[in-house]
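Undergrad: Residue strings, one per chain:
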Amino acid sequence: MKCTVVGKRVERKDARAKVTGETIYPSDRSREGMLWVVAVRAAHPHARILSIDTERAAAAAGVVRVLTARDVPGENAFGIQFHDMPVLCSDRVRYLGDVVALVGAESRRAARQAAALVAVDYQPLALLTDPEQALDPATPALHPGGNILHEVHFHKGNISVGFQKSAVIVERSYQLPMMDHAFLETEAGLSYFDENDVLCVESCGQYIYRDRKQIASVLGLAEEKIRVSAEMVGGAFGGKDDITVQIQLALMTYVTGRPAKMVASREESIVAHSKRHPASMWFKTGASKSGKLMAVEARFLSDTGAYASLGGPVLNLMAEHAAGPYLVPHVKVDGHVVYTNNGFSGAFRGFGCTQACVGIESQMDLMARALRRDPLAFRQANVLHQGDAAGLGYEMKTAVGAEPTIRAARAGKLYRQRRRIKKDRTHVSPSLAPFIRRGVGVASQMQGLGLGVGIEDQAEVEVVLGPGGAVRVKVGTTEIGQGAYTAYAQMTAERLGVPLEQVEIVGADTGTCPDSGATTASRTTYAVGNAILLAIAKLEQRRSAWAAQGTGRENLSARANFTVPTQDRQLGDGLPHLLYSYGTHVVLVEVNTLTGEISVEAVEAYLDGGRVVSPLGFEGQSEGGIAQGIGYTLFEEVLLDRGRFLNTNFDTYILPSSKDVPTAIHTVPIEVMEKSGPLGAKGISETCTVGVAPAILNALEDAIGIRFVRLPVRAEDVILAREESPHES
Amino acid sequence: MRVDIELGINGSRSRFAVEPDERLVSTLRDRAGLTGTKQGCKIGECGACSVIMDGKLVPSCLVLSASADGADLLTVEGVAQDGNLSDLQQAFVAEGAIQCGYCTPGMLLAGEYLLSRYQRPDTAQIKEAIAGNLCRCTGYTKIVAAIRKTAKKRSLVKSSAQGR
Ligand code: FES
Ligand code: FES
Chain A
503 MKCTVVGKRV
513 ERKDARAKVT
523 GETIYPSDRS
533 REGMLWVVAV
543 RAAHPHARIL
553 SIDTERAAAA
563 AGVVRVLTAR
573 DVPGENAFGI
583 QFHDMPVLCS
593 DRVRYLGDVV
603 ALVGAESRRA
613 ARQAAALVAV
623 DYQPLALLTD
633 PEQALDPATP
643 ALHPGGNILH
653 EVHFHKGNIS
663 VGFQKSAVIV
673 ERSYQLPMMD
683 HAFLETEAGL
693 SYFDENDVLC
703 VESCGQYIYR
713 DRKQIASVLG
723 LAEEKIRVSA
733 EMVGGAFGGK
743 DDITVQIQLA
753 LMTYVTGRPA
763 KMVASREESI
773 VAHSKRHPAS
783 MWFKTGASKS
793 GKLMAVEARF
803 LSDTGAYASL
813 GGPVLNLMAE
823 HAAGPYLVPH
833 VKVDGHVVYT
843 NNGFSGAFRG
853 FGCTQACVGI
863 ESQMDLMARA
873 LRRDPLAFRQ
883 ANVLHQGDAA
893 GLGYEMKTAV
903 GAEPTIRAAR
913 AGKLYRQRRR
923 IKKDRTHVSP
933 SLAPFIRRGV
943 GVASQMQGLG
953 LGVGIEDQAE
963 VEVVLGPGGA
973 VRVKVGTTEI
983 GQGAYTAYAQ
993 MTAERLGVPL
1003 EQVEIVGADT
1013 GTCPDSGATT
1023 ASRTTYAVGN
1033 AILLAIAKLE
1043 QRRSAWAAQG
1053 TGRENLSARA
1063 NFTVPTQDRQ
1073 LGDGLPHLLY
1083 SYGTHVVLVE
1093 VNTLTGEISV
1103 EAVEAYLDGG
1113 RVVSPLGFEG
1123 QSEGGIAQGI
1133 GYTLFEEVLL
1143 DRGRFLNTNF
1153 DTYILPSSKD
1163 VPTAIHTVPI
1173 EVMEKSGPLG
1183 AKGISETCTV
1193 GVAPAILNAL
1203 EDAIGIRFVR
1213 LPVRAEDVIL
1223 AREESPHES
Chain B
301 MRVDIELGIN
311 GSRSRFAVEP
321 DERLVSTLRD
331 RAGLTGTKQG
341 CKIGECGACS
351 VIMDGKLVPS
361 CLVLSASADG
371 ADLLTVEGVA
381 QDGNLSDLQQ
391 AFVAEGAIQC
401 GYCTPGMLLA
411 GEYLLSRYQR
421 PDTAQIKEAI
431 AGNLCRCTGY
441 TKIVAAIRKT
451 AKKRSLVKSS
461 AQGR
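Protein chains in written order, with the working numbering: chain A, 503 to 1231; chain B, 301 to 464.
So here's chain A without its partners, still in its complex pose (with noise of 0.2 Å):
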């Protein structure tokens, strides 16, 4: 199908309001009236409450209200999947960013000082830092049901005959940080009511609909009496799809009636937000020597810190990925998730995925490299195709395009020249010349689209034709910055047959959208494009139907619902996928081996998300997915001691740079069209971000030839590991 809107490079809807500074994000509102709210969190990261006195506090200048967990007229907790955290913590606290109290106040400077004025008086309790020791069932339980959250046990074939079968067997440990997802803008929001008494949360929220779900139970209202509305975000990555200020700006405005904001200052927002899932992952992985690969195990402790959020399903989807694109007749995989005092850990781009891929991708290049096969050589004769029985043993019953991925990948100028761009040294001075070494890495992945099997997942859109040609598509989900408003107009506008510049996007507001699902799992191209082309075709059935009796129509509109389509068999709670996004990345490293210093030089991309709705959107993705990759893979790790934040704000918390990112960074599309995509699109929001860090790890032993097992690999540790390695060049 040729299209003539979808696939050009056109602006985004929303970057002339950007680049002005005219957009307004949640931090931005403000409402006469307004009071500032200031949360006062835990002293200490795992203690009995004994009391708390809000009297000096309340009495304070400028200070209209403290809230504690007495004011909360309905469920005191909330959370994704299950209701575990506290909206305000009136016995014990498990992490730094329980909530204790919610100052009010007619100024910020008046909550930040009544704040300090909280006296919580604290019984510490004995923390629980050590994952491993939270697997010991003597360790005291920090919820009812004990310190595992979630555990996963599969077994495809047999493993110990795979093994035997295995000319070649590489076992390794693998050891993840805690990433903060590090959005530039802080969680924030506004709260108010309307002259209709309906509760208004303008915020910065993943899922409008499930936010106000979750307002109405902690308020003990109805979901009608409450709007929330998240149009423009700065940034989230997943970090914002557990609610963070939504119920603490709804409680103090239902309480006080007045309208109240809160911004979190950066070392609040490290501290209170959730993070990537740090890890312990140990593979031990097996071929023939004909290069086939026969034996996959795995075993993963993830750590989810004080609260479940998505630790569960995060776990669910490290083990459907253990075994990467590629065809393995027998699979073992277990694994658990616990609960510690260390934060807590949701969902974040890649969810899961990008742990598991660390494994998998380090584990494939050392196959190949004892087999003495090229490493993409050896990942194309063992790919997955359509048809094939994935890691878990369903069959992958969607397009499949992880080869593709690979062939373009191996014909790319980067992986077909890096003998001699490995050699080259023209562009450092002769003096440094000796000190440089540099290597080529790769890695290929794939990573599930949708919230799986078991979740519900549904798209709802409403599409209206106005008068002299304008169309208003209403949706429900998050601007978070990935571009989908575009892709979502293009979609529109090509479907319809009008200019992009006619359609408009009306986004992410309870009480003028409908509920299109979470801004989530690379899910809003492919789940709200299909509830868009839906909407239309209903809208044109109409049209016809009224252009054969003759009578015209300038106003109309159209609802549509769209399902995510799901395996049949479910293997836990969102496992399987139907649908995955596939790449491959290749990059060049350089390492100074006098300073220990890494260099990503160049990064070529090749991804297959189906049809390319928005290049630009596509390109911008993929970028930002390899500067992720790099901060993770290089400088990022939230460290924490007994359970405190170390580094909270970005002079400790390290992110890449312009200059640590390359520009030359080279994306190519590989279209593989998924036939249940809207004119064939999925999406690639996640899958250009998984496989960066491996192969980062892979040029590193191409370079140096040592084999990191241990994120972030930093200068020292470069150094540290040469001095010890026993083939020290």
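Calculated directly from the structure, the hints in this document are not laboratory data. None of the values given here were measured: they were computed from a predicted structure. For glycine and all other residues, C-beta sits at the position ideal for the given N, C-alpha and C. Careful: at least some of the hints might be erroneous.
Listed next, with one range per pair, are the computed distances between beta-carbon atoms [stated by the list, open to error]: (1) Asn1057/A / Asp354/B: 50 to 60 Å; (2) Ser592/A / Ala317/B: 39 to 49 Å; (3) Glu306/B / Gly999/A: 54 to 64 Å; (4) Glu306/B / Arg1212/A: 53 to 63 Å; (5) Ala394/B / Gly647/A: 35 to 45 Å; (6) Asn1057/A / Ala431/B: 47 to 57 Å; (7) Asp387/B / Ile526/A: 52 to 62 Å; (8) Asp387/B / Thr928/A: 27 to 37 Å.
Mind docking chain B with the ligands on chain A? Use the hints.
TA: Chain B with the ligands alone, transformed into the frame defined by chain A:
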């Protein structure tokens, strides 16, 4: 006790009564209502709050408003002229240098500042110029491209003007 100051913001002068320890970013956002200037860290690390003050690029979170008395400021709201985007703004839009957009105001001003000093900066100079501006979404590639293209365009315009 408040301090009375006067600021020239995007060409017009206004007076503010600020707290002695108030930062310029707060005066701009909360008192002047100019929320285009963002805040990401408040410790001078992210560049989201960048403004041009008396011709210099500064993180407005590290400037005490009281000490800025009398200064002339350019914020993102003052970059477009009469509703027309500047060439750099246009390049950001056309190149796809914007995702969530929270870093964009600071990036634009860092880009403007660079271009006010160098006619044809190379990629390394551009990267250096925006190294104090963090972006979590784009990977910087398209931001660098937008600045590079604008530099090229400006110097072409200049040399053709000189040629005439
Ligand atoms: S807010 Fe000023 S540099 Fe980050
Ligand atoms: S576009 Fe989101 S931080 Fe730069």
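Undergrad: If a hint holds in the structure, say so; if it does not, say that too.
TA: Hints and how they fare:
1. Asn1057/A / Asp354/B: 50 to 60 Å: Since the Cβ atoms of Asn1057/A and Asp354/B sit about 54 Å apart, the hinted range of 50 to 60 Å holds.
2. Ser592/A / Ala317/B: 39 to 49 Å: Taking Cβ atoms as reference, Ser592/A and Ala317/B lie about 41 Å apart, which means the hint holds.
3. Glu306/B / Gly999/A: 54 to 64 Å: holds, 56 Å
4. Glu306/B / Arg1212/A: 53 to 63 Å: holds, 55 Å
5. Ala394/B / Gly647/A: 35 to 45 Å: 54 Å Cβ-Cβ, so the 35 to 45 Å window is violated.
6. Asn1057/A / Ala431/B: 47 to 57 Å: The hinted range 47 to 57 Å holds for Asn1057/A and Ala431/B, with Cβ atoms some 52 Å apart.
7. Asp387/B / Ile526/A: 52 to 62 Å: This hint is violated: roughly 25 Å between Cβ atoms.
8. Asp387/B / Thr928/A: 27 to 37 Å: holds, 34 Å
The structure fails to meet hints 5 and 7 from the earlier list, while all remaining hints are met.
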